[in-house]
Amino acid sequence: MSDRYLNLVNSPVGSAVASRVGLPRPSVLRRYSAGDPLLPGPLLLGSTSGKPTAALRKLLTTAGAEVLDTLGETDRLAAVVLDARSVATPRDLSGLREFLAPGLKALGSSGRVIVLGTPTDGADITADAARQALDGIVRSLAKELRRGATANLLWVADDASLASALRFFLSGKSAYVDGQPLLLGAGKAPAPKDWDQPLAGKTALVTGAARGIGAAIAGVLARDGAHVIVADLTSAGEALAKVANRVGGTALHLDVASDKAPERLLEHLAAHTKGLDVLVHNAGITRDKLLANMKPEQWDSVIAVNLESQLRIDAALLGSDQLNAQARVVCLSSTTGLSGNRGQTNYGATKAGVLGLVRSSAAAFAAHGDSTINAIAPGFIDTEMTAKMPLATREVARRLSSLQQAGLPIDVAEAVSWLSSPGAGGVNGQVLRVCGQNLVGA
Amino acid sequence: MNTRRAAIVGGNRIPFARSNGPYAHASNQDMLTAAIDGLVARFGLQDERLGEVAAGAVLKHSRDFNLTRESVLGSRLSPNTPAYDVQQACGTGLETVILTANKIALGQIDSAIAAGVDTTSDAPIAVNEDLRAVLLEANRAKSLGGRVKALAGIRPTQLVPSIPQNSEPRTGLSMGEHQAITTLEWGITREAQDELAAASHQNLAAAYDRGFQDDLITPFLGLTRDQNLRADSTAEKLAKLSPAFGRSFGEQATMTAGNSTPLTDGASTVLLASDEWAAAHNLPVLAYFVDAETAAVDYVHGDKLADGLLMAPVYAVPRLLARNGLTFADFDFIEIHEAFAGTVLATMKAWEDDEFCRTRLGLDGALGSIDRAKLNVNGSSLAAGHPFAATGGRIVASLAKMLHEKGSGRGLISICAAGGQGVVAILEA
Numbered sequence: 000m001s002d003r004y005l006n007l008v009n010s011p012v013g014s015a016v017a018s019r020v021g022l023p024r025p026s027v028l029r030r031y032s033a034g035d036p037l038l039p040g041p042l043l044l045g046s047t048s049g050k051p052t053a054a055l056r057k058l059l060t061t062a063g064a065e066v067l068d069t070l071g072e073t074d075r076l077a078a079v080v081l082d083a084r085s086v087a088t089p090r091d092l093s094g095l096r097e098f099l100a101p102g103l104k105a106l107g108s109s110g111r112v113i114v115l116g117t118p119t120d121g122a123d124i125t126a127d128a129a130r131q132a133l134d135g136i137v138r139s140l141a142k143e144l145r146r147g148a149t150a151n152l153l154w155v156a157d158d159a160s161l162a163s164a165l166r167f168f169l170s171g172k173s174a175y176v177d178g179q180p181l182l183l184g185a186g187k188a189p190a191p192k193d194w195d196q197p198l199a200g201k202t203a204l205v206t207g208a209a210r211g212i213g214a215a216i217a218g219v220l221a222r223d224g225a226h227v228i229v230a231d232l233t234s235a236g237e238a239l240a241k242v243a244n245r246v247g248g249t250a251l252h253l254d255v256a257s258d259k260a261p262e263r264l265l266e267h268l269a270a271h272t273k274g275l276d277v278l279v280h281n282a283g284i285t286r287d288k289l290l291a292n293m294k295p296e297q298w299d300s301v302i303a304v305n306l307e308s309q310l311r312i313d314a315a316l317l318g319s320d321q322l323n324a325q326a327r328v329v330c331l332s333s334t335t336g337l338s339g340n341r342g343q344t345n346y347g348a349t350k351a352g353v354l355g356l357v358r359s360s361a362a363a364f365a366a367h368g369d370s371t372i373n374a375i376a377p378g379f380i381d382t383e384m385t386a387k388m389p390l391a392t393r394e395v396a397r398r399l400s401s402l403q404q405a406g407l408p409i410d411v412a413e414a415v416s417w418l419s420s421p422g423a424g425g426v427n428g429q430v431l432r433v434c435g436q437n438l439v440g441a
Numbered sequence: 000m001n002t003r004r005a006a007i008v009g010g011n012r013i014p015f016a017r018s019n020g021p022y023a024h025a026s027n028q029d030m031l032t033a034a035i036d037g038l039v040a041r042f043g044l045q046d047e048r049l050g051e052v053a054a055g056a057v058l059k060h061s062r063d064f065n066l067t068r069e070s071v072l073g074s075r076l077s078p079n080t081p082a083y084d085v086q087q088a089c090g091t092g093l094e095t096v097i098l099t100a101n102k103i104a105l106g107q108i109d110s111a112i113a114a115g116v117d118t119t120s121d122a123p124i125a126v127n128e129d130l131r132a133v134l135l136e137a138n139r140a141k142s143l144g145g146r147v148k149a150l151a152g153i154r155p156t157q158l159v160p161s162i163p164q165n166s167e168p169r170t171g172l173s174m175g176e177h178q179a180i181t182t183l184e185w186g187i188t189r190e191a192q193d194e195l196a197a198a199s200h201q202n203l204a205a206a207y208d209r210g211f212q213d214d215l216i217t218p219f220l221g222l223t224r225d226q227n228l229r230a231d232s233t234a235e236k237l238a239k240l241s242p243a244f245g246r247s248f249g250e251q252a253t254m255t256a257g258n259s260t261p262l263t264d265g266a267s268t269v270l271l272a273s274d275e276w277a278a279a280h281n282l283p284v285l286a287y288f289v290d291a292e293t294a295a296v297d298y299v300h301g302d303k304l305a306d307g308l309l310m311a312p313v314y315a316v317p318r319l320l321a322r323n324g325l326t327f328a329d330f331d332f333i334e335i336h337e338a339f340a341g342t343v344l345a346t347m348k349a350w351e352d353d354e355f356c357r358t359r360l361g362l363d364g365a366l367g368s369i370d371r372a373k374l375n376v377n378g379s380s381l382a383a384g385h386p387f388a389a390t391g392g393r394i395v396a397s398l399a400k401m402l403h404e405k406g407s408g409r410g411l412i413s414i415c416a417a418g419g420q421g422v423v424a425i426l427e428a
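As given, the protein sequences belong to chains C and B, one line each in that order.
Mapping of the first sequence onto numbering that gives the first Met the number 0: residues 0 to 441, in sequence order.
Mapping of the second sequence onto numbering that gives the first Met the number 0: residues 0 to 428, in sequence order.
Chain C with its partners taken away, still in its complex shape (with noise of 0.2 Å):
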């Protein structure tokens, strides 16, 4: 579903008129294609300690970014990177001002700002009131940026998934992540052979596949090198037989909520596979109704698909030997998961529950075998769904973020794709929204 809006404003005559009334002026985002460099332009990088380390430098130069250390004035950049891992008091931030402000003005479109910082730790309250002091300033800049332009934090436990989160957040797999921040941890995250298969000979499977943000994620991963087990109900086998062909990948019919699935997907996995490397749990349904006039079968069938097959299966495979070391599980939640939505108690209840359900099977992921387990929380997304929404309703519902448009199942598929490569192995039992910085939730 085009968003014509969009397109409109981003004429010769629709962005004249835009301005001048003072309409929300979307623009069109710089999104991922194969063979892309990192950036289209420098990067300035800058440290609140004084001098970027070197090690960050070469993170950067090596991912094949163009690094300055000063600005010079007729400079365009694409992306600003400050390293704020020093910052200890609440006058250590005045140092972000500093380096921001002069960047900001040379940004360009679909421009990074990427602000590294130290996550708090208990040990020292004014140290832990300065670094959480970094949350509020990346998430008002993120409103502040304009013309496409994004802002995240990454709270750096850990370097050891540095290299693989940098490149993320600079390119334009991250196209529609504005305003969060991810906590980045210890754990096993090897570089792969060649960034752009990072995923190469891995196996990988996609609940829901048949449509949607499902085949997405499919055809991505498959893009990055997995063979892709698409899976859905018998019912919807006709489109996901396409989706298998088109990226090469094998479907397979089956009922997550059905009593047996579990059982089954692992007799797949032993029959068909060496054992599997990524598991995307995709598959969601929605049954909207106000909770006052919520039906028995309205809620349960909710709950069970889009949660408790979640718990199953996982658990499966735990106990299985069909899941290989240093797995990934990636779960969609939404953004009514952390925010609520009217009508959605159901849908809202499961989206929630899996973040529990991240949160507390990290640990296990994490000893079987360094495996991680984490969360990707949609905003807007244009899909065959909300193309059924009411025009207006649609309209309003995709300028509510401050990239003022809706996302794309390929923006939620680039961060499930990044999240299942084995250089995001530090990231474990962590929520990364997809969402434009949706006005609404945390």
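None of these hints come from the bench; they were simulated from the model.
Nothing here was measured: the structure is a model prediction, and the numbers come from that model.
Beta carbons are placed, not taken as given, at the ideal position from N, Cα and C, and that holds for glycine.
Hints may contain errors.
[As the list claims (entries may be wrong)] Simulated crosslink set (DSBU-like; lysine-lysine; CA at most 35 Å straight-line):
(1) Lys373(B) - Lys239(B)
(2) Lys259(C) - Lys405(B)
(3) Lys405(B) - Lys373(B)
(4) Lys259(C) - Lys236(B)
(5) Lys303(B) - Lys373(B)
(6) Lys50(C) - Lys192(C)
(7) Lys373(B) - Lys102(B)
(8) Lys288(C) - Lys387(C)
(9) Lys239(B) - Lys303(B)
(10) Lys273(C) - Lys405(B)
(11) Lys373(B) - Lys348(B)
(12) Lys259(C) - Lys373(B)
(13) Lys142(C) - Lys104(C)
(14) Lys57(C) - Lys142(C)
(15) Lys273(C) - Lys102(B)
[Claimed, not checked] Distance windows between CB atoms, simulated:
(16) Ala230(B) - Ala386(C): 26 to 36 Å
(17) Ala386(C) - Lys348(B): 58 to 68 Å
(18) Glu262(C) - Ala372(B): 21 to 31 Å
(19) Ala33(C) - Leu72(B): 23 to 33 Å
(20) Lys187(C) - Asn1(B): 42 to 52 Å
(21) Asp195(C) - Ala279(B): 24 to 34 Å
(22) Ser407(B) - Asp258(C): 24 to 34 Å
Following the hints, put chain B in place on chain C, whose structure we already have.
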């Protein structure tokens, strides 16, 4: 010459639709391509060059002279996969399995798809035979005058098209009318036929409900289950239907629309391979093709009782069993294609008949009884429907899966075909 085992890796079919139903506007090529693509998706065969694809249709447009190859070119298989058409009436589907399995056994190919498709909705309609003669004459004429003269010979009656009929060219009788004679001759009761039909529906419905069909079917054009299937079918309900065939027998007419297969559209595929090919592709083997036999009866001049149009499998099966040193007791599953309930019951009754088996089959006595608990346990054509050339593939894939689920065992397939023919085969796991 060394031979090797031909493995059945799996299958895929589209749900079968009643004639002029959801697939009314789908051609044979559309359905066959969809069934192949579903198989490709299930087993990850995108861009794979297979040894060959053999398939066929009973009702075929003249333009579909290369139906299977055209379907392969429209599919996600490698365009370098060769293909050919096979046609042996309702035996087509099973015959493609036999042909490709034999080539695999001989080492000529390592992998194959055996398939079949039929539509009675998008049936070919040809011009009237007299009109065709006139048009060909006009085409042969060398001058304009000659052409005009030839075309002037067209008469209004010649404009009535020639529509394909479900009847035997040599007798003019429809298949149902032929079977009605056999059913009567063998004294098959209405109750027995209705019970068999109800069991077929109930068994197939149960198979769907327990997910047995999940990896055998890919929905097509919105249809997710066989349209003909009635899960609530009972012998009592079927007993209320009026006879559809053999009505000239009056009170003795027993064959209804309920205990006969309806005209059906659909397509089915089976993936066969050598053990090595299957292992190299990480694909588990469901079962192996063991042996096959065909037979034919002289239904035109022969005996009403012994040479019924659909009775040829009665002759093929004992020959196949003898060659393999087997009896019915050696089988865990028996799949007898339900062209009509009367066909299945007459076939089994013939094998139980001492005199018939001695005089016509050359045996010492009755071939034996079939344990009904082993017969068509997941339903058959009365419930699923019968798109002629697609039935063989449906049965082979389903039986192979049943044998795989059981872990080991043997299954017998018996399919009757127009022209008084029968194609039968053995699978084992």
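Tested hints:
1. Lys373(B) - Lys239(B): 28 Å, holds
2. Lys259(C) - Lys405(B): 18 Å, holds
3. Lys405(B) - Lys373(B): Holds: lysine 405(B) and lysine 373(B) sit about 13 Å apart, inside 35 Å.
4. Lys259(C) - Lys236(B): 34 Å, holds
5. Lys303(B) - Lys373(B): Since the Cα atoms of lysine 303(B) and lysine 373(B) sit roughly 29 Å apart, the hinted pair holds (cutoff 35 Å).
6. Lys50(C) - Lys192(C): 31 Å, holds
7. Lys373(B) - Lys102(B): Satisfied, since the Cα-Cα distance of roughly 30 Å is no more than 35 Å.
8. Lys288(C) - Lys387(C): 17 Å, holds
9. Lys239(B) - Lys303(B): Satisfied, since the Cα-Cα distance of roughly 28 Å is no more than 35 Å.
10. Lys273(C) - Lys405(B): 24 Å, holds
11. Lys373(B) - Lys348(B): 16 Å, holds
12. Lys259(C) - Lys373(B): At roughly 26 Å apart (the allowed maximum being 35 Å), lysine 373(B) and lysine 259(C) satisfy the hint.
13. Lys142(C) - Lys104(C): Status holds; Cα separation ~15 Å.
14. Lys57(C) - Lys142(C): Cα-Cα ~30 Å, so holds.
15. Lys273(C) - Lys102(B): Since the Cα atoms of lysine 273(C) and lysine 102(B) sit roughly 30 Å apart, the hinted pair holds (cutoff 35 Å).
16. Ala230(B) - Ala386(C): 26 to 36 Å: Since the Cβ atoms of alanine 230(B) and alanine 386(C) sit about 35 Å apart, the hinted range of 26 to 36 Å holds.
17. Ala386(C) - Lys348(B): 58 to 68 Å: 60 Å, holds
18. Glu262(C) - Ala372(B): 21 to 31 Å: Holds, since glutamate 262(C) and alanine 372(B) (Cβ atoms, about 26 Å apart) stay within the stated range.
19. Ala33(C) - Leu72(B): 23 to 33 Å: Because 28 Å falls inside the window, the suggested range holds.
20. Lys187(C) - Asn1(B): 42 to 52 Å: Given a distance of about 49 Å, which is inside 42 to 52 Å, the answer is holds.
21. Asp195(C) - Ala279(B): 24 to 34 Å: 27 Å, holds
22. Ser407(B) - Asp258(C): 24 to 34 Å: Once the Cβ atoms are compared, 27 Å apart, the range 24 to 34 Å for aspartate 258(C) and serine 407(B) holds.
Checked against the numbered hints given earlier, the structure satisfies every one of them.
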